[in-house]
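Respectively, the protein sequence lines represent chains W and G. Residue numbers for the first sequence follow my numbering, so the first one is 1 and each next one is one higher. Residue numbers for the second sequence follow my numbering, so the first one is 1 and each next one is one higher.
Hints are not guaranteed to be accurate.
[Said to hold, decoys possible] Pairs of lysine-lysine, DSBU-like flavour, derived with a Cα cap of 35 Å:
id, chain 1, residue 1, chain 2, residue 2
1, G, Lys123, G, Lys40
2, G, Lys114, W, Lys10
3, W, Lys14, G, Lys71
4, G, Lys191, W, Lys109
5, G, Lys71, W, Lys10
6, W, Lys14, G, Lys28
7, G, Lys57, W, Lys14
8, W, Lys124, G, Lys71
9, G, Lys112, G, Lys71
10, W, Lys14, G, Lys108
11, W, Lys14, G, Lys112
12, G, Lys123, G, Lys57
13, G, Lys191, W, Lys10
14, G, Lys112, W, Lys10
15, W, Lys50, G, Lys57
16, W, Lys14, W, Lys120
17, W, Lys50, W, Lys124
18, W, Lys10, G, Lys108
19, W, Lys109, W, Lys10
[To be verified] Distance ranges between label pairs, derived from CB positions:
id, chain 1, residue 1, chain 2, residue 2, range
20, G, Thr134, W, Tyr56, 52 to 58 Å
21, W, Glu84, G, Ile198, 42 to 48 Å
22, G, Gly192, W, Gln57, 34 to 40 Å
If you are wondering where the hints come from, they were derived from the structure by calculation, not from laboratory data. For each residue, glycine too, the CB sits at the ideal point set by N, CA and C.
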Amino acid sequence: MNAIQFVEQKSIEKSLASRAVKAESGKSVTPDFRPGDTVNIAVRVIEGEKERVQNYQGVVIARRGAGINATFRVRKISNGVGVERIFPLYSPIIQSIDVLRRGSVRRAKLYYLRGMSERKIRAKLH
Amino acid sequence: MTALLGKKLGMTSIYNDRGESIPCTVVKAGPCPVVQIRTKERDGYSAVQIGFDYLTKSTQSNKPEKGHFAKANVRPTRFLREFRVENAVQESGAELTVELFNIGDRVKVTGKGKGRGFQGVVKRHHFGGIGMTTHGQSDRVRAPGSIGGSSYPSRVFPGQRMAGRMGYETRTIRNLEILDVIPEENLLVIKGSVPGAINSLVEIVRM
């Protein structure tokens, strides 16, 4: 490992150490999730002095990058409006990533879901 | 004196506690042996001379160099630099490491910037070039334009900015933050960018 990877790894490990780990259940801190899976992301939100946890639930539509630059994109329909959020995979503000439901898709990037209704998406994924 | 010599290894980004991705430069700094203490009485000024990058073969240094390093009882190094200080606390022969620095320290980093070769005035001096390619001037879009008057002064003033060699000049960036210190690997993680190409020598001085 070269020095740059060493520094990146240190930052990644620090982020992962702050996550809510369920070691006994064998769950890894960055679970093996794929595009098409429905996930729940617990995000730490810092509001002034206080810190609370916000849940963001949706369908993973893309993963990209490697190492510390890895990100993934989660789409959900909120009050009838499509919302997409990009999370850095190793961000320390992510407390946990839970896979709620596996999807079965053939593509790596599910951008075609953007034009579909909720019901159609459900039918497509499962 | 809190200064070290180091080698720029490259850039990456790390996350801070707020989840922000911070661009940073990784520098292999030290170990730097103190090779000589310059004193006012003997040398006319006071400074600390430190080395960096130990040589592996004895053929890499000549006899005068070997003698200079032998005086301080240190192994020869590839680089030597002096830092002016009024009262040197170190003694020659001591070895400085990244542990001189703490996370959160502000430093200035000096290095030789990347050489850009022979460049025109648009890149080198930020000239505007010509804004149009019509009226018969389609072939001089990046030309410098007039470099002075004709009958008066009948010459080009010294210092007139023209095309030429660009880059590879010593540059200093001040007020950079130390994000991490990794003593096991002699690494400093510095916020932002530092001058120079990868593997080039940089001087890191606490402000």
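Taking the hints in turn, this is what the structure says about them:
1. Our distance criterion of 35 Å between C-alpha atoms is broken by Lys123/G and Lys40/G, whose separation comes to about 44 Å.
2. Taking the CA atoms of Lys114/G and Lys10/W, the gap is about 29 Å. The hint holds against a cut of 35 Å.
3. At roughly 45 Å between alpha-carbon atoms, Lys14/W and Lys71/G are farther apart than 35 Å, so this suggested pair is violated.
4. At roughly 34 Å between alpha-carbon atoms, Lys191/G and Lys109/W fall within 35 Å of each other, so this suggested pair holds.
5. Taken as a hint, the Lys71/G and Lys10/W pair is broken in the structure, with Cα atoms around 40 Å apart against an allowance of 35 Å.
6. Distance restraint check for Lys14/W and Lys28/G: the Cα-Cα separation of roughly 21 Å lies within the 35 Å cut-off, and the hinted pair is therefore satisfied.
7. With a C-alpha separation of about 40 Å, the suggested pair Lys57/G and Lys14/W falls outside the 35 Å cut-off, and the hint is violated.
8. Taking the CA atoms of Lys124/W and Lys71/G, the gap is about 77 Å. The hint is violated against a cut of 35 Å.
9. A distance of roughly 30 Å separates the Cα atoms of Lys112/G and Lys71/G; the hinted pair therefore holds under the 35 Å criterion.
10. Straight-line distance between C-alpha atoms of Lys14/W and Lys108/G comes to about 27 Å, which keeps the hinted pair within the 35 Å bound.
11. Using a Cα cut-off of 35 Å, the hinted pair Lys14/W and Lys112/G holds, with the two alpha carbons roughly 34 Å apart.
12. Proximity of Lys123/G to Lys57/G is assessed by CA-CA distance (about 42 Å); at most 35 Å being required, the pair is judged violated.
13. For the proposed pair Lys191/G and Lys10/W, the alpha carbon gap of about 16 Å is at most 35 Å, so the pair holds.
14. Our distance criterion of 35 Å between C-alpha atoms is met by Lys112/G and Lys10/W, whose separation comes to about 29 Å.
15. Distance restraint check for Lys50/W and Lys57/G: the Cα-Cα separation of roughly 59 Å exceeds the 35 Å cut-off, and the hinted pair is therefore not satisfied.
16. Simply put, Lys14/W and Lys120/W have alpha-carbon atoms about 40 Å apart, too far for the 35 Å limit, and the pair is violated.
17. With a C-alpha separation of about 40 Å, the suggested pairing of Lys50/W with Lys124/W is violated against the 35 Å cut-off.
18. With a CA separation close to 25 Å, the supplied pair Lys10/W and Lys108/G stays within the 35 Å bound.
19. For the proposed pair Lys109/W and Lys10/W, the alpha carbon gap of about 29 Å is at most 35 Å, so the pair holds.
20. For the pair Thr134/G and Tyr56/W, the beta carbons lie near 54 Å from each other, so the given range of 52 to 58 Å is met.
21. Taking the beta carbon of each, Glu84/W and Ile198/G are about 36 Å apart, not inside 42 to 48 Å as hinted.
22. Judged by the Cβ atoms, the range 34 to 40 Å given for Gly192/G and Gln57/W holds: they are separated by roughly 37 Å.
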